[in-house]
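FYI, the numbering for the sequence shown is -15 to -1, 1 to 392, going by mature numbering (1 follows the signal peptide of the UniProt record, and there is no 0).
None of these hints come from the bench; they were simulated from the model. Just so you know, not all the hints are guaranteed correct.
Unchecked claim - Derived DSBU-like pairs: lysine-lysine, alpha-carbon spacing no greater than 35 Å straight-line: (1) LYS156 x LYS232; (2) LYS232 x LYS321; (3) LYS111 x LYS142; (4) LYS232 x LYS142; (5) LYS232 x LYS111; (6) LYS164 x LYS142; (7) LYS232 x LYS164; (8) LYS159 x LYS142; (9) LYS321 x LYS111; (10) LYS111 x LYS164; (11) LYS159 x LYS111; (12) LYS156 x LYS111; (13) LYS142 x LYS321; (14) LYS159 x LYS232; (15) LYS164 x LYS321; (16) LYS321 x LYS159.
Unchecked claim - Pairwise CB distance ranges (calculated): (17) PHE57 x ALA17: 26 to 32 Å; (18) GLU292 x ARG6: 46 to 52 Å; (19) ASP173 x GLN224: 21 to 27 Å.
Built from N, CA and C at the ideal position, the CB exists for glycine as well.
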Amino acid sequence: MWIPLFVTFFGFSHAELRQLRDYSLTDPVRIAYVEDGSNLYLCSSDDPATLNAITISSNGLTVSLDQLLTNFDANGFLLGFPVNSDLIISTQNSADVTNSLNGVLFISSRDMARDPNFLVYSVIDKTLIVNRPTNSNTTLVLLNPLVSRLPSDPEYKALYNTRIENIVQPKTTKLWFYKDIPENGYDDPDYQVTADKSIFTNPVNYWPAETPSTYFFDNIEPLQYSLRAWHIRAIGGIQLTISQQWKDPSESITTSPTTTGFVMSQFHTVDTVVNYVFHEYHVCVFGLLVSTQLFADVNATMCSNIECETLRMHQTPPMISKIFEWNLNTTSLYIKPSRLDSGVFYMQYFRLDINDDTNRTPGSTSTTSRSISTRTTEGRSSIETTTKFTSPISLIITSLITVLLTY
């Protein structure tokens, strides 16, 4: 007999991420909250023989999980297994074996399953080139399996990782990276639930002379995402390279004076330094798009050759897609957690060399006074200005400008 673990509510509809280790009962178990017409995907680095002992059944069809490991199309994307609300999972593994599993099941909504531009990829130890230059839009869910660790790896190496590089984005394309799996409204960047998941965007909204403007970055630095799941949205054509490769993010250097990139917390987060290519005496705008879920404070310090600015990120309240901006010819960004397990932060940085600027929206202007902008008014942002070789002057700046991101 199958055992219903939860009551299925009429009208329930959204995607789910389920841990395989949660299904250790010897009797078949019904997976609740599954919408008719959904798709199921597997992401796992577990032993195929162990996965072979686990089956899922729905709509009269049964498949073992090891079969889903190779269930992908010619482009490398996973082919979803069609499921309905009668979805059952069964295992012949012992409870100890089940508790050691690291794999996850991603169950889409019906709308996602019907969307021909909704793609899912389990990031394996091979390089995938995503090339969709003529597609009007793309939603790509990236699922990270547990990665292997070598004795020579640093202690803070991520347990999960995706590396994105070689991004080719036409100026007519809008690009977003979002944390976690998509939810209802995933195709609407202005929908609040979707907007709150945003961790990277191009073009970027910024505020020269306190006037909203849009800047498109031709240069995007390689970036890494180090949690289980995230997703990409593109309106317009896009090309990029995906791999499981992990490069130590504790110190890096950018490739252009005008550029954007991304850094985030690791399994254990150590001090991180980003060094920027820069031109002396140029006028620059530097900004951060920040989201946090912290257990302890983390500081981000931006320095020019003259002064430094420090953004203090506190445990509460959490930051949700907040933008901060400075007029600073930034040469380096230092991120310092107060302890190794400080929690999770996501940080997009963008640096505009105004003297070399060719992409700024016509009519927008630069400003010589510092401006700091945020998306929400909750809490305060602690900004500390330090002139090099002098004592720091602490400034507590309440949100000066409150704006909702518009895409």
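If you check each hint against the structure, which ones fail?
-> none
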